[in-house]
Amino acid sequence: MTPGLLGGLSLLAALIFSLLGLALAVLAQLLRDGRYLEAARRLSALTFAAALLSFAALEWAILTDDFSVSYVAGHSSLHNPLWVKLVTPWAALEGSILLWAMLQAAYTWLVGLRVGKSLDSWRAPSALGTLFAVQVFFFAVMVFVAHPFDAVPNPPPDGRGTNPLLQNHWMMAVHPVLMYLGFVGLSVPFAYAVAAMVARRYQSWIVETRWWTLVAWGFLTAAIFTGKWWSYEILGWGGYWAWDPVENASIIPWLLATAFLHTAQVQERKGLFKGWNFAFITLAFAATVFGTFLTRSGVIQSVHAFASGPVGAWFLLFLLGVLAGGLGLLARSSAEIREAGEVRWASREGALLAGALFFGTFAFVVVLGTLWPLLVEAVSGAKVSIGAPFFNQVSAPLGVFMLLLMGIGPVLPWRHTQAQVQRNLLAMLLALGVGLLIGLGLGLTLGVSLAIGLFAYNLTAIWLMVAQGVRERARSLGISSSQALLELAASHKRRFGSHIVHFGVALAALAIAFSQTYRVTEQKTLSLGETWQTRGLEVRLLAIQAREEANRFAVLAPIEVRSTSREGWGADGRYQTRLNFYPQMASPIATPVVRYTPYNDYYFVLMQFDQEKGQWATLKLIVTPMVWWLWVAGFVIVLGTLYILWPSGVRVAGSKAAPVAGD
Amino acid sequence: MKPKYLIALVVVAGALAYLVFGGLGQNLVYFITPSEYYQQIDRYQNRPVRLGGLVKPGTLEYNPQTLELRFVVTDGVKDVPVRSSGATPPALFGENRGVVVEGRFQGEAFVSQNLLVKHSETYQAPKEGWTPEEVRKLIEGTQ
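Chains as they are written, first to last, in my numbering: chain A, 1 to 663; chain B, 1 to 143.
If you are wondering where the hints come from, they were derived from the structure by calculation, not from laboratory data.
Here are the in silico distance ranges between beta carbons for each label pair:
#1 A:Leu31 x B:Gln26: 53 to 63 Å
#2 A:Gly381 x B:Ile41: 10 to 20 Å
#3 B:Val11 x A:Arg332: 30 to 40 Å
#4 B:Thr59 x A:Ser527: 24 to 34 Å
#5 A:Gly478 x B:Tyr18: 56 to 66 Å
#6 A:Leu327 x B:Gly94: 45 to 55 Å
#7 B:Gln26 x A:Leu426: 35 to 45 Å
#8 B:Tyr18 x A:Ala23: 47 to 57 Å
#9 A:Arg562 x B:Thr59: 31 to 41 Å
#10 A:Val207 x B:Val11: 30 to 40 Å
#11 B:Ala8 x A:Leu368: 16 to 26 Å
Values in this document were obtained by computation on a predicted structure and should not be read as measured data.
Cβ coordinates follow ideal geometry from the N, Cα and C atoms, glycine included.
Start from the sequences and build out the full structure, keeping to the hints where you can.
Written out as structure tokens, the structure reads:
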């Protein structure tokens with residue numbers, strides 16, 4: 001058995017199992033027979049096994065350099081280091097769809113395990129059926145239009161190699177997988193929403209769906225931050241976010257899932273916003289498909305775009321199917337959904353809805369900006385693009401509003417007395433004003449000063465809420481404050497986790513404001529041994545060297561950096577700036593070297609070198625304040641999410657007893 | 001809904017629409033080839049434009065002291081001289097390679113603030129007598 005044959009067969013098996021699973025789920029739904037449901041559940045495990053086998057076959061083919069397999073011939077090479085070979089499956093179109101489908105099968109299997117527990121027999125058939133339908137799509141795309149295991153009649157001696165931009169950094173091993181885990185993870189909440197609407201049980205789905213959404217959201221958040229860091233580390237322009245269509249494709253579902261996470265809380269507690277929740281989660285999942293369509297159809301030009309091909313049309317059809325299905329069901333349900341009360345804007349639920357609407361609006365604006373070039377081209381025939389300035393211009397005011405709401409929301413009452421709320425709001429606004437004035441007093445720009453004020457405002461909000469809870473508990477139980485804090489943090493994990501996440505978001509906003517406003521770029525050509533005094537640094541060019549590496553050729557320009565004043569704090573050391581030349585690419589990749597410090601990041605790029613005598617090199621230095629804190633903020637947000645999701649002893653015992661209480 | 005909420009909603013929506021549609025209009029960057037530029041020179045003066053084409057052989061010049069990079073972008077029919085200092089490593093440029101430069105036309109020359117080099121996996125040079133549309137396809141296709 002060759003890897004190509006094994007992969008192709010297991011792929012076909014996965015498609016057939018998914019089709020059977022879909023058919024059985026439909027039968028279980030129509031006939032209300034538990035045996036069909038059980039069979040569908042078992043098929044979800046079989047599909048996952050087949051998908052895993054197919055994926056393993058692809059790894060096998062790549063690791064053994066089997067160039068008779070089309071994907072390996074097209075996207076791998078004998079000379080790739082082992083780690084590059086291991087991650088090559090998701091370096092191009094067909095393999096990335098295989099990874100996607102395999103993760104989809106894994107999620108379906110995990111949902112199958114919930115059948116009979118939290119997923120009751122009313123909703124299980126339609127939830128599983130939805131997931132099987134999604135799966136059928138992905139496996140069918142591979143089998144019919146993007147087959148990774150097509151046989152190459154005359155296998156070449158070596159493959160065409162992996163896209164150099166991808167193999168230039170180890171983040172390739174991490175970021176795409178996280179992104180797919182997040183994207184695919186959103187199919188589960190969608191399936192739960194469909195199931196709730198099909199079963200006409202509009203309340204009981206929300207608790208577990210919120211959990212699944214949070215899982216996917218955590219992965220997406222981690223993926224977005226690692227993606228930012230990757231682009232910072234590799235693209236050599238000193239930035240981390242360019243509003244590229246592919247970046248937009250990742251932020252749109254994230255925004256919509258964030259909106260859902262907020263309104264879902266209100267439904268869970270008060271039975272409100274059922275329609276919003278169905279809409280947000282349907283749109284969030286549709287946005288993942290939309291993103292995939294954008295990046296794989298070639299309709300929009302982007303630095304990350306995969307080669308264009310027939311898959312675009314398939315994804316477009318699938319997107320329309322998801323939207324029609326989800327919104328069609330919602331239209332039917334909306335007549336039946338009874339809201340349990342009215343919304344007051346000046347309340348917790350009002351603030352949560354307002355926040356969610358901002359997230360939704362933001363998502364809409366990003367979609368509009370991303371698609372605008374297409375509209376303009378359709379109307380006038382002109383090829384245009386919408387630059388980053390547009391998105392920055394729009395996202396700044398939206399961001400300010402969201403940061404304001406983020407502070408107010410949790411402070412507004414479900415239970416506090418009115419006087420306390422007003423005192424809290426006053427304290428927060430005071431912090432906002434003081435922060436703003438300090439910023440302006442230090443001569444910072446209005447935007448950055450506002451970011452400082454908003455950070456102080458949100459920090460105050462979190463502090464007030466935690467302190468009040470701790471004080472009340474310590475007083476009523478007669479325990480010390482630190483013990484009360486620990487007990488509260490353990491028993492109110494969702495609340496404390498969300499404080500941690502909100503703190504991370506406020507910190508990220510601060511880091512973005514500083515780094516976007518005060519980034520400075522300097523360039524100079526240095527002769528060998530020459531010293532360059534700039535930004536409190538002394539930069540000396542040591543040498544220009546060439547080096548042959550396994551899969552590439554590198555030109556290195558080592559430099560020595562010493563700080564000469566406080567401004568250059570932390571930049572001392574030797575740096576290895578380099579240009580990497582890959583055989584399959586016409587131009588080299590300028591890989592920056594970065595010194596990370598909590599105060600400034602120092603970012604060196606080798607721009608050009610003397611190709612004749614090796615006597616000079618042009619260097620670029622980018623000094624960016626506070627970027628470091630953006631990575632810390634990403635870490636904090638993921639940590640907060642994990643804190644909420646981490647199973648506690650109490651919660652596990654509770655959920656074991658809970659399934660009957662579901663409906 | 002109470003009238004005061006309705007007013008607030010209208011104000012917010014209006015501000016947002018102004019921001020979005022105003023912003024879209026201002027930040028529209030045309031993507032043209034040298035031939036298209038010469039068809040409508042006035043239209044593209046002093047506004048942000050992306051100019052796509054190939055670096056014409058024998059025109060690439062880098063001055064290490066002033067850090068200025070000069071080259072001619074061609075689509076096989078028309079040529080535009082480009083001046084650039086700065087954003088993208090000059091080492092990434094090569095003759096006959098696809099390039100998209102972002103900047104403004106100032107008089108006869110194009111002054112670029114940003115160079116987007118195409119990281120083409122499969123390299124192909126344009127052939128004699130290609131139409132601008134074919135050159136554009138080549139440039140876009142190799143992205």
